[in-house]
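**Student:** Can you make the complete structure from the sequences, with help from the hints?
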Amino acid sequence: MNSQLFLAYGPETLLADRVVETTTAALKAQSNDLVVESVEAGEIDDARFGDLFAPSLFGEARAVVIRNLQDLDSEMNPALLAYIADPDPTITVIALHKGGVKGKALLEALRKAGARETPCEAMKRDSDKIQFLRTEALSRGRKISPDAAKALVDAIGSDLRELANSLSQLIADTAGEITVEAVERFHGGRIEATGFDVTDALLEGRAGDALATLRHALDTGTDPVMITSALAGALRTLARVGSAPRSLRSAELAGELGMAPWQIDKARRQLPGWTGAGIAAAITEVARADGAVKGGGADPIFALERAVIAIARTRT
Amino acid sequence: MSAPVFADLVGQQEAIAIIERAVRAARGIDVEAQESGAMTHAWLFTGPPGSGRSNAARAFAAALLCTERGCGECATCREVYAGTHADVELMESEGLSIKADQIRELIVRAAWAPATGSFRVVIIEDADKLTETAANALLKAIEEPGSFTTWFLCAPSPSDVLPTIRSRCRSVLLRTPSHQDVASVLIERDGVDPTMAAHVARASQGHVGRAKWLAFDEDARKFRHDLLAIPARIRTVGEALSTAAELHRAANEESVRENADRDEREMAELSTAWGHGATGKGMPSGASKAIKELEKAQKSRTTARNRAFLDIALLDLATFYRDVLLVQAGAEAPLINEDLRSNVTDVAGQIPAEGALKRVEAIMGARKALAFNVAPLLALESMMLALRLPARGGE
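Chains as they are written, first to last, in this note's numbering: chain A, 1 to 316; chain B, 1001 to 1395.
These are calculated hints, taken from the structure and not from any lab test.
One or more of the hints may lead you astray.
To give an idea of the chain A side of the interface with chain B (calculated C-beta under 8 Å), a few residues [said to hold, decoys possible]: (1) 279; (2) 280; (3) 283; (4) 286; (5) 287.
Ideal placement from N, C-alpha and C gives every residue a C-beta, glycine not left out.
**Tutor:** Structure, rendered in structure tokens:
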């Protein structure tokens, strides 16, 4: 292992930043006068490269953080490769790479030279995020209950950095194990919602939920246009499944309608409560809301809420 | 008798007289007209689609530049019509709007001295597509153009351009030509069979170009026939939605088919110009920006084409309900869709007069929605649902 070369490989910037933090902290512990230089790989040219890697006059310890290694100008490749082959003992290099194969030669050279590599994979599954929260809590000497971790993931959702921040907030604000109650207290009722959640609630006759979800979706950054298109799509599916023969199984119908069997099953579950006239009126409402959202009306949010209420009334 | 170059302007005698008098004044042939100010530096041609707005502008330009005042035969006339004459700047817009940058460029070219004659003509074919900034950029230029420059703007109606533009232009109003005018032009000029000419003249509602297209393109006639069969056909929600989907697909296929070859060729030419496929370091910086801009322009063109297609289809549908109202009122006037009389009477028997009006309203609502960029399929669905015939037993 080479203790002077570090590589953080993957798209999750929070984890990559962690690598930078822990590595520089460890170096600082060894020498107080550590100088940290941070640079975007895309900005490195001959002059900057010379600056970064010139031998130090006073021999103090230095760390060079190269962000977005994949963007390094290919003309700078030979210089960096040469450095990796023959590193300066006073400099620690921390290279951050977004993942993928760009800058393959550099990655290979770093790995061959024994750089310490930390994978920074994006966390897509909820279970991964829950696991992340638990280890994160443990590393701070605290515990978070599985339910609490799940509630937090539901509330904050996609962004890992935001999750980590919320966790440190919770750690600072509570004592002992972090419980569901604590999460609810700080993030009560907030959920990440999309147009599809709004649509599901509405088509299943939960008008109140639909309105609340609509607000959540808009507050968490869902574009109003995405909501009208989700509504239109779902109503279209409902109408087409509704006019198809009931005797057919969803798998048989799937090919004919060009839909997935689960879509058909879902529409069939939603169908009770809907008449042809109801669906027709609902589609008209969505069309009107779509026009209002695209500039025909003064307030997109009002138009959407109005449409949600009107559609809820078309259901019998 | 007007100059040959005006022959294509069907049923526009008043407009032609104004234009010819202006030409005589501009060329110093008619002193009286000159002194009364028959010629001016900015003109606005308005009239319904197909009435020949851009043809009128081109004919005007040709008459100004041609030694015979518009013989329609000489190189000058032909170049003006093709948009290749050095002293005529022709701005045809196929995208959704005309941007300020395009206008600023145009203004610079407009100020050049004439290369051949003593006039420089700038034609903006779809002045209604000017964005507000673009229109404002134009104000100064059309108010005080160089001494040689004349501006011709075309738009469906005077209210389609900013009042500030309108007030700086002299307006020439083109009428919707009568069915007889359109039919006789098709018969005399294009050799169309009289029965067919009468049919397409009615069907196209005075749109000369469309009448000709319908007369010669069997697919177009069939499409129109199928389209107008819709009102007598749709009754259930399922039928309404699938009909909307069919129309939506037809519009997409049409606009893609019309543009695909051209898009591909333009893209290939642009990439070659930027050095695609050449040896060396690859395309220089700026290439991807240029390519993205072209993609955007092409997409805008396809959308505009798609909208125009649907707009014509919706107007055709509206004529059906106009006929329904006519039958319901017991009027003797000929139907626009005489060929579908049985459908018209059938529908007239099933819906009340308010019902026919409501359906026209739904169609006009859909046109407006499309112009507002509502998802086309959704707008069509909403409209088709409103067009449904009542369940047997009345509305």
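**Student:** A separate judgement is required for each hint: does it hold in the structure or not?
**Tutor:** Okay, the hints, checked on the actual structure:
| no. | hint | result |
| --- | --- | --- |
| 1 | 279 | 6 Å, holds |
| 2 | 280 | 4 Å, holds |
| 3 | 283 | 5 Å, holds |
| 4 | 286 | 6 Å, holds |
| 5 | 287 | 3 Å, holds |
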